[in-house]
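There are 4 protein chains.
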Amino acid sequence: MAQNKHVYRLTIACPDRVGIVGKVSNFIAMYGGNITEANHHLDSDAGWFFMRTEIEAASLPFDAAQFRTAFEPIAREFDMRWSIHDSHNKKRVVLLASHEAHCVHDLLYRWQAGELEGDIVGIVANHEKLREMAGWYGVPFFYIPVNKDNKAAAFAEYERQINALNVDVIVLARYMQIMPPALCEQYLGRMINIHHSFLPSFVGAKPYHQAFTRGVKLIGATCHYVTQDLDEGPIIEQDVIRVSHKHNIEDLQRLGKDVERNVLARGLRYHLEDRVMIHGNKTVVLLEG
Amino acid sequence: MAQNKHVYRLTIACPDRVGIVGKVSNFIAMYGGNITEANHHLDSDAGWFFMRTEIEAASLPFDAAQFRTAFEPIAREFDMRWSIHDSHNKKRVVLLASHEAHCVHDLLYRWQAGELEGDIVGIVANHEKLREMAGWYGVPFFYIPVNKDNKAAAFAEYERQINALNVDVIVLARYMQIMPPALCEQYLGRMINIHHSFLPSFVGAKPYHQAFTRGVKLIGATCHYVTQDLDEGPIIEQDVIRVSHKHNIEDLQRLGKDVERNVLARGLRYHLEDRVMIHGNKTVVLLEG
Amino acid sequence: MAQNKHVYRLTIACPDRVGIVGKVSNFIAMYGGNITEANHHLDSDAGWFFMRTEIEAASLPFDAAQFRTAFEPIAREFDMRWSIHDSHNKKRVVLLASHEAHCVHDLLYRWQAGELEGDIVGIVANHEKLREMAGWYGVPFFYIPVNKDNKAAAFAEYERQINALNVDVIVLARYMQIMPPALCEQYLGRMINIHHSFLPSFVGAKPYHQAFTRGVKLIGATCHYVTQDLDEGPIIEQDVIRVSHKHNIEDLQRLGKDVERNVLARGLRYHLEDRVMIHGNKTVVLLEG
Amino acid sequence: MAQNKHVYRLTIACPDRVGIVGKVSNFIAMYGGNITEANHHLDSDAGWFFMRTEIEAASLPFDAAQFRTAFEPIAREFDMRWSIHDSHNKKRVVLLASHEAHCVHDLLYRWQAGELEGDIVGIVANHEKLREMAGWYGVPFFYIPVNKDNKAAAFAEYERQINALNVDVIVLARYMQIMPPALCEQYLGRMINIHHSFLPSFVGAKPYHQAFTRGVKLIGATCHYVTQDLDEGPIIEQDVIRVSHKHNIEDLQRLGKDVERNVLARGLRYHLEDRVMIHGNKTVVLLEG
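Chains as they are written, first to last, in our numbering: chain A, 1 to 289; chain B, 1 to 289; chain C, 1 to 289; chain D, 1 to 289.
Treat the hints as calculated values from the structure; they're not laboratory data. Hints are supplied without guarantee of correctness; some may be wrong.
Subject to a maximum C-alpha distance of 27 Å in a straight line, what follows is the list of computed BS3-like cross-link-like pairs (lysine-lysine) [claimed, not checked]:
(1) D/K151 <-> D/K129
(2) A/K90 <-> C/K246
(3) D/K148 <-> C/K246
(4) B/K246 <-> C/K148
(5) D/K282 <-> D/K206
(6) C/K5 <-> A/K206
(7) C/K148 <-> C/K90
(8) A/K90 <-> A/K151
(9) D/K129 <-> D/K148
(10) C/K246 <-> A/K282
To give an idea of the chain D side of the interface with chain C (calculated C-beta under 10 Å), a few residues [claimed, not checked]:
(11) F50
(12) R81
(13) L199
(14) K206
(15) V216
(16) L230
(17) E232
(18) I235
(19) I236
(20) Q238
(21) V240
(22) R242
(23) H279
(24) L286
(25) E288
One-sided excerpt, in silico: chain B residues whose CB lies under 7 Å from chain C [unchecked claim]:
(26) P15
(27) A29
(28) T36
(29) A38
(30) H40
(31) S44
(32) A46
(33) V146
(34) N147
(35) N150
(36) V203
All C-beta atoms in this analysis are idealised placements derived from N, C-alpha and C, irrespective of residue type, glycine included.
Using the sequences and the hints, build the whole thing.
Shown next, in the form of structure tokens:
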């Protein structure tokens with residue numbers, strides 16, 4: 001499990017130039033850094049280079065802040081967008097939920113089982129239904145109802161509560177409300193949604209009904225970053241499951257739940273382990289496998 | 001292999017009512033018919049019933065025409081849309097092709113290998129490129145170029161040639177031209193297309209380019225009946241393959257080819273074996289497995 | 001959801017003969033029975049016929065016991081192995097567990113969410129670890145430790161407890177102990193195991209270690225009925241997930257968990273809905289989709 | 001397509017030590033080499049490091065031989081098993097075949113379509129059946145029958161013919177004969193087989209019959225290097241397809257063919273593009289995607 005080792009994660013995106021890997025590798029080697037995982041991606045068409053390196057923390061003579069200082073000149077030389085992340089600083093995650101339980105439940109279970117790096121610090125929901133489950137997992141639960149008359153006030157309250165929790169990541173775990181633009185902007189690249197279709201098919205409401213009507217032979221789910229354009233943000237992960245004429249809408253919903261929760265769990269895991277780099281409206285996902 | 005046994009295939013679609021299966025089963029049993037495959041589908045929501053039965057030809061005392069006569073009263077009683085098909089009357093198939101070889105090649109190979117019931121009686125193409133391949137398989141090749149100036153005349157020629165071949169099924173094997181409405185209408189439910197995306201995503205031109213731009217994590221292919229609405233006809237079969245940021249458009253095209261040819265071959269096989277029943281804009285596909 | 005409709009499920013396996021379907025269909029039609037789902041399978045090679053029919057309970061003038069009496073002559077005529085099951089008589093399920101939580105947790109969740117027909121009436125475990133989870137779901141928890149010195153006595157206690165719970169189905173939810181032959185015999189066709197490999201690969205202990213050593217590119221899980229031959233019983237359901245050289249044993253275990261829980265949940269659902277018919281050492285699984 | 005760019009491919013396997021990537025990267029950068037694809041794999045448990053780098057040939061001031069000389073000191077310093085391969089030196093491939101056509105046909109098609117880097121320089125078969133197909137693709141065909149009385153002589157003739165063709169890779173395209181140990185040894189890591197099961201399940205003869213008898217719910221195919229231990233060599237690629245009780249052995253064979261040919265084509269492509277590194281009895285496959 002990633003969370004059991006203490007590592008620094010260096011992620012870099014920059015225009016491709018001769019010598020990047022050598023420069024970075026030498027920097028790490030110079031300080032005796034022990035690389036535990038390394039991933040590169042060269043986008044030859046775009047002339048852009050991506051890199052993710054995990055370095056054993058104990059092998060380096062400094063902490064993440066000092067790493068930052070020491071590495072800054074190299075980063076500047078190559079025009080890098082970059083970050084260094086200490087795996088001991090777990091990302092703080094808030095789940096936004098409604099009455100659908102399967103995704104929330106699955107994330108809580110995986111978190112408790114140690115499968116997800118990161119801390120689930122709260123659940124904010126517009127229904128009371130999941131309060132008991134949150135309690136059992138020891139996660140604070142905040143009930144903020146939303147209806148068409150109180151939307152502005154309600155979302156101000158969401159925003160206040162999320163900020164009070166000091167979160168790094170917002171997960172819309174089948175939350176089903178359109179987020180206000182300002183919040184999308186504030187958490188750009190840090191707000192993750194699960195949409196219950198294989199995007200870009202069936203954007204918007206009731207995707208299983210749309211899928212049923214169109215008569216598709218596979219249904220899917222999509223985990224993506226939220227932007228102001230509904231269901232149009234960068235895709236992190238997708239998957240599908242086979243269906244047939246024998247399945248009615250309730251069957252699609254039931255079968256789809258398993259895909260949704262797995263896709264969301266994978267997408268969130270990638271994000272928490274700093275494996276996802278956003279480039280334009282697409283993602284580079286540097287997996288261990 | 002289906003084509004090695006001589007069977008009649010009875011396909012029925014009708015409003016659901018008590019007693020259908022009993023009536024049909026008794027009819028077959030009364031004449032000593034030996035059922036070799038049986039498939040039902042009840043669409044409870046729509047109140048519609050679908051049935052496909054394979055009966056060993058030698059076990060019945062009459063041919064398909066006589067079956068038709070004898071069964072007609074039952075069909076009328078239950079308002080059936082129905083057909084009886086003799087597996088020895090192989091469907092005549094024409095492939096419409098362009099310069100892309102993979103689907104044409106795959107169908108020719110499967111046909112020669114005995115995997116496809118039906119006879120490929122001709123290839124009509126708007127490029128010369130596949131003439132040699134057609135020749136090797138002993139299939140007549142007709143070259144009818146299409147350009148923006150000769151469209152009406154060219155399609156009249158396609159129509160004439162297709163009708164001259166007396167075909168039961170038209171397969172657009174990556175043909176890439178929009179078919180004229182009259183031809184769509186004439187061969188409704190008998191013209192099959194392979195679209196190189198997971199519909200309804202990426203309708204129309206250059207779907208792999210669209211998929212690349214959107215950054216999807218799976219690409220797919222869709223085999224469907226052609227209607228006058230581009231890429232909107234009833235879906236017979238679909239499949240997908242996983243891709244990532246590492247794949248450029250050429251990679252998507254290469255990987256997609258394998259999906260396209262398998263999906264088209266499956267969809268066509270289902271059609272040739274009378275396994276596909278169109279209902280509204282959807283299909284019921286009654287598989288042996 | 002199946003559990004929301006009140007139906008009788010008639011399952012039949014018998015030597016294939018002309019007239020079976022007609023006879024059964026007429027029987028149901030004669031009493032005005034409304035068929036809500038129908039599935040046939042003809043095994044032509046073995047000359048054996050399988051049939052599963054769901055009939056709306058309210059459409060019939062009698063209960064399951066009376067159905068049994070009325071149908072018995074037909075069953076005898078065709079040498080049927082058969083059963084009629086009232087969906088309101090939910091099967092009583094006991095989970096046998098150890099310290100692995102993922103399968104137990106998943107089944108409890110699905111049960112509570114109404115996805116599983118059947119009642120989980122107890123968890124019997126050889127570790128204390130899952131007691132709290134059982135409590136939260138309101139399921140009685142029985143701790144019966146097993147070690148090499150107390151095996152006979154411990155299993156006598158398991159047997160006593162299971163019988164006291166009056167169960168219809170035993171689920172080995174990653175229980176990891178070899179069951180005594182007498183218990184296997186008593187619950188033949190009613191004891192379900194999840195094995196964490198794609199059987200018949202990697203029978204026995206530590207299948208992920210075996211898979212890692214062999215360097216396979218896919219790992220899987222198998223849900224099967226338990227017989228006295230370890231991991232050799234009839235397979236109900238299997239699935240796989242792609243892995244690579246990048247995954248170590250811990251990764252295989254983590255990725256495999258998702259496959260295990262989904263495969264077990266599917267297999268158990270099929271059993272609870274009377275969709276699985278055992279024939280020799282194989283299963284016929286008559287799915288709705 | 002890989003074969004359209006002129007690149008050198010540097011592949012390295014060595015014990016993991018601080019500084020490898022830096023040293024190699026600096027070497028390439030020093031000569032102005034333009035990296036077009038880069039892949040690393042660190043096996044932390046085994047302490048072993050794998051690396052594959054594609055460098056644009058025109059960006060380097062020397063050819064592959066000179067690269068070899070210049071790089072040798074670094075290779076020695078880090079105890080590397082390594083190679084440098086010029087993509088213009090296409091590997092020479094011989095197909096060994098029997099009467100099954102689907103894999104041979106698929107490879108010939110892909111080769112002609114430019115999907116496979118490498119040259120198919122001959123087909124050696126123990127049946128005459130594929131001679132015509134070979135002829136159509138312009139590939140020399142050698143018929144060497146094998147029976148239980150002439151085995152030693154026949155295999156001596158195979159060996160002579162293969163060596164005369166001066167091949168780099170032997171592909172057993174459903175050849176179905178056990179290769180003599182000496183030939184296995186001579187072409188160790190360069191002889192590729194497709195086995196028609198998901199190994200290690202169903203080693204040896206008639207795997208579809210074995211799969212049918214066991215009642216598995218998925219069937220598969222495995223592409224692996226041949227060693228003297230039958231079906232036990234390092235696995236390059238595997239895949240599966242879902243089956244059910246409805247499929248008889250002929251169905252399994254038909255469905256399996258599609259998996260076999262795709263798995264073999266992928267495995268061979270990886271090998272031809274120097275993406276497969278053998279380590280012990282396992283492979284590291286460094287994919288572009």
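Comparing the hints with the structure gives:
At roughly 20 Å between alpha-carbon atoms, D/K151 and D/K129 fall within 27 Å of each other, so this suggested pair holds. Simply put, A/K90 and C/K246 have alpha-carbon atoms about 24 Å apart, close enough for the 27 Å limit, and the pair holds. Of the supplied pair hints, the one linking D/K148 and C/K246 is violated, its CA atoms being roughly 44 Å apart against a limit of 27 Å. A distance of roughly 52 Å separates the Cα atoms of B/K246 and C/K148; the hinted pair therefore is violated under the 27 Å criterion.
About 25 Å separates the Cα atoms of D/K282 and D/K206, which keeps this hinted pair within 27 Å; it holds. Note on C/K5 and A/K206: the hinted pairing holds, with a Cα-Cα distance of about 24 Å set against a maximum of 27 Å. Taking the CA atoms of C/K148 and C/K90, the gap is near 36 Å; set against the 27 Å cutoff, the hint is violated. For the hint pairing A/K90 with A/K151, the CA-to-CA distance comes to about 32 Å; that exceeds 27 Å, so the pair is violated.
As the CA atoms of D/K129 and D/K148 are separated by approximately 20 Å, the hinted pair is consistent with the 27 Å bound. Straight-line distance between C-alpha atoms of C/K246 and A/K282 comes to about 24 Å, which keeps the hinted pair within the 27 Å bound. Given hint, D/F50 at the interface with chain C, holds; its Cβ is 8 Å from that chain's nearest Cβ, closer than 10 Å. A least Cβ separation of about 16 Å between D/R81 and chain C goes past the 10 Å threshold, and the interface hint is therefore violated.
Taken as an interface hint, D/L199 checks out: its beta carbon lies about 7 Å from the nearest beta carbon of chain C, inside 10 Å. At a threshold of 10 Å, the smallest CB-CB gap from D/K206 to chain C is about 15 Å, leaving the interface hint violated. The closest approach between the C-beta of D/V216 and any C-beta of chain C is roughly 6 Å, which is under the 10 Å cut-off, so the hint is satisfied. Proximity of D/L230 to chain C is violated relative to the hint, the smallest CB-CB distance being about 14 Å (cut-off 10 Å).
Because the closest C-beta pair between D/E232 and chain C is about 9 Å apart, less than 10 Å, the hint holds. Taking 10 Å as the C-beta cut-off, the interface hint given for D/I235 holds, the closest approach to chain C being about 5 Å. With 10 Å as the threshold, the beta carbon of D/I236 comes within range of chain C, its nearest partner Cβ sitting at about 8 Å, so the hint holds. With 10 Å as the threshold, the beta carbon of D/Q238 comes within range of chain C, its nearest partner Cβ sitting at about 4 Å, so the hint holds.
With a least beta-carbon distance of about 6 Å to chain C, the hint placing D/V240 at the interface is held under the 10 Å criterion. With a least beta-carbon distance of about 9 Å to chain C, the hint placing D/R242 at the interface is held under the 10 Å criterion. With a cut of 10 Å, the hint placing D/H279 at the interface with chain C holds, because the nearest CB-to-CB distance is about 8 Å. For D/L286, the interface hint holds, the least distance from its beta-carbon to any beta-carbon of chain C being 9 Å, beneath 10 Å.
About 13 Å separates the beta-carbon of D/E288 from the nearest beta-carbon of chain C, more than 10 Å, and the hint is not met. A hinted interface residue such as B/P15 counts as satisfied when its beta carbon comes closer than 7 Å to some beta carbon of chain C; here the least separation is about 14 Å, so the hint is violated. At about 4 Å, the closest approach between the beta carbon of B/A29 and any beta carbon in chain C falls short of 7 Å, and the interface hint on this residue holds. Look at B/T36: its Cβ gets to within about 6 Å of chain C, closer than 7 Å, so that hint holds up.
The interface hint given for B/A38 is met, as the beta carbon of that residue sits about 5 Å from the closest beta carbon of chain C, less than 7 Å. Checking B/H40 against chain C by beta carbon gives a least distance of about 5 Å; that is within 7 Å, so the hint holds. At about 6 Å, the closest approach between the beta carbon of B/S44 and any beta carbon in chain C falls short of 7 Å, and the interface hint on this residue holds. Restraint check, B/A46 versus chain C: the minimum CB separation of about 13 Å is more than 7 Å; hint violated.
The beta carbon of B/V146 is not positioned within 7 Å of any beta carbon in chain C (closest approach about 41 Å), and the interface hint is therefore violated. Hint status for B/N147 relative to chain C: violated, with the closest Cβ pair at about 45 Å, above 7 Å. Because the closest C-beta pair between B/N150 and chain C is about 47 Å apart, greater than 7 Å, the hint is violated. At its closest, the beta carbon of B/V203 sits 26 Å from a beta carbon of chain C; the interface hint therefore is violated under the 7 Å criterion.
Violated hints for the displayed structure, listed by number in ascending order: 3, 4, 7, 8, 12, 14, 16, 25, 26, 32, 33, 34, 35, 36.
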